[in-house]
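> Letter by letter, the chains look like this.
Protein chains: 2
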Amino acid sequence: MPALTRRFVLAGILATALCSAVAGPVLAQPDPLPSWNDGPVKRSIIDFVAGVTTEGLPSFVPHPERIATFDNDGTLWAEQPVYFQFAFAADRVKALAPQHPEWKTVQPFKALLEGDIKAIAAIGEKGLLEVIAATHAGMTVQEFHNAVLDWIATARHQRFDRPYTELVYQPMLELLAHLRANGFKTFIVSGGGIEFMRPWTEKVYGIPPEQVVGSSGLTEFQLQPDGALVKLPKVEFIDDGPGKPVGINRFIGRRPVFAFGNSDGDQQMLEWTAAGGGARFMGLVHHTDAEREWAYDRKSHVGKLDKALDEANARGWTVVDMKRDWLRVFPPERATGGRALR
Amino acid sequence: MPALTRRFVLAGILATALCSAVAGPVLAQPDPLPSWNDGPVKRSIIDFVAGVTTEGLPSFVPHPERIATFDNDGTLWAEQPVYFQFAFAADRVKALAPQHPEWKTVQPFKALLEGDIKAIAAIGEKGLLEVIAATHAGMTVQEFHNAVLDWIATARHQRFDRPYTELVYQPMLELLAHLRANGFKTFIVSGGGIEFMRPWTEKVYGIPPEQVVGSSGLTEFQLQPDGALVKLPKVEFIDDGPGKPVGINRFIGRRPVFAFGNSDGDQQMLEWTAAGGGARFMGLVHHTDAEREWAYDRKSHVGKLDKALDEANARGWTVVDMKRDWLRVFPPERATGGRALR
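One line per chain: the protein sequences are G and X, in this order.
Each step along the first sequence adds one to the number in my numbering, with nothing skipped, and position 83 is 83.
Each step along the second sequence adds one to the number in my numbering, with nothing skipped, and position 77 is 77.
Note that these hints are calculated values from the structure, not bench results.
A hint or two may mislead.
Copies of the same chain are indistinguishable here, so a pair counts whether it falls within one copy or spans any two.
Below, computed lysine-lysine pairings styled on DSS-like, alpha-carbon distance capped at 30 Å [claimed, not checked]: (1) Lys185 x Lys203; (2) Lys110 x Lys234; (3) Lys118 x Lys185; (4) Lys126 x Lys234; (5) Lys234 x Lys304; (6) Lys307 x Lys185; (7) Lys94 x Lys307; (8) Lys110 x Lys299.
From a predicted model like this one, the values you see are computed outputs, not experimental measurements.
Build the full structure now, drawing on both the sequences and the hints.
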């Protein structure tokens, strides 16, 4: 090889090495889902993602149409013994009680203030909405945002003595990241309050506020004193059950190709996803692990999974058996930075 | 210089050149807004974008908070002599007339079928909503999506004899691209129907459906026969005036730092944007060019600009004088591919 040629070869090798250092070397891919045990469930996810991202396959889905929707309560984070937003509302009742002396004698506020477990358990949906309305309205959206962040930074779940944002599912965090690394836009589609989730979903899940769909109350624009949106005590939209496809259509405007839930409230979201053409993934988290988390399904008041489980089994949707399929449930302590959210 | 050193120097130069070829060479930046005439308006845009993207400046805005919202009718595309969605609805009336013999005798349908200009001009907001409800409901969202794409691909604006999607403003297309190149997420926030815009905004503006906020009707999920969302003849949300900050909060969940409109219906969106902390840009398109487009403001039935113009002048918001500030108005014919949208 003449010297000049050698120089160019050397230059080429160095250039390649330097460019790789800039662009990142091509290595064997590490397992994108290390917290999922090997088996048909993990395989169904890996295969689906490979199928929609491989050009030329009939399962290929163009980049902009890679929409993935996830329920939140019971799918991305825990929901027992009560929806975490209800724990927030109960703490708000205590914080606001001095301004509401009448709550000492009026249910369901009395039960919450006295910690009367039996009476709290008896609070029906109507009482729940009353508590939400009384504690989530009459302030600006910015004030509510701050109240949520204060609570998220300080409140701890009794059973695990950890911040609520550490009770997210590590396998689902990995799944969200794997989807995004493959060109998916990940959305939350939850029955929970949209303004309860948005302040922290970006830091905890990597999902920005504009990709969070949820239930909402009415707001009103008031120019004085400083251009504020004030929360009104009136429900505007319930993003649950048949409301989920409606909410997806309203907020996202495309049908998802990938959807994950855990309860009957997610059934119509999965049906709407399944009814589209081409490759589809429908998944359910089945809570089967009383030791590491909780075990509940058909009889549970929170996150009831009954009809959707039958449909999933009948139609061959992916059902995660938490005990069998997840190597770990929650992230290591502090990993999600629950205390560092402010 | 020893030979080996020379080789490494050569290798370094080549590596740099090759890496540059991969990453793109660093050249003097071309003008990002070639269709804007030089002057204070163009300068205000360029300076604002430079300010929010320069770390260390007090005007710096972190990447995820770079939210820009644009009205559509009269801001991104033309709106005279009638909102283009109304032209669509009128064409739908003609297409659906065989199934509605009663329309021959009932206003406002009679006027539209007969092309009775005087009677059409007299159709008030109530009549407009009647026409929209009758022509936009009773079908699935997918069927409506297809009807919009059919119309967009074939209908032509009378004055210009061009597809409606070619009557978008070239300077605003450049502005959208300039913002996105600087880390902004661009949204439409329009009083127009969300499902009338979403089928074509990605191809025409580079704005995907999930970044379109607009007025909407109720939909209902029906599992049979094939998991469809059906449009109901009932207004759900009017995204206009004080509804714009409400819609932005509901759909995006963050306050914009950059907002552009053209009428009194955009006033509250600009006020809501202005009321945030830090760097802010509020802009209005003032239609002053009867020759190339239209000239209208305080007395116009379509896109009335009166109170918002006073407020913009009083508060020093940017007001585009179309005749003075835009070198060209519309893109070259066919550039937006109006006919290629299917």
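> Taking the earlier hints as the rules, which of them does this structure contradict?
Hint check: 3 and 7 fail, others pass.
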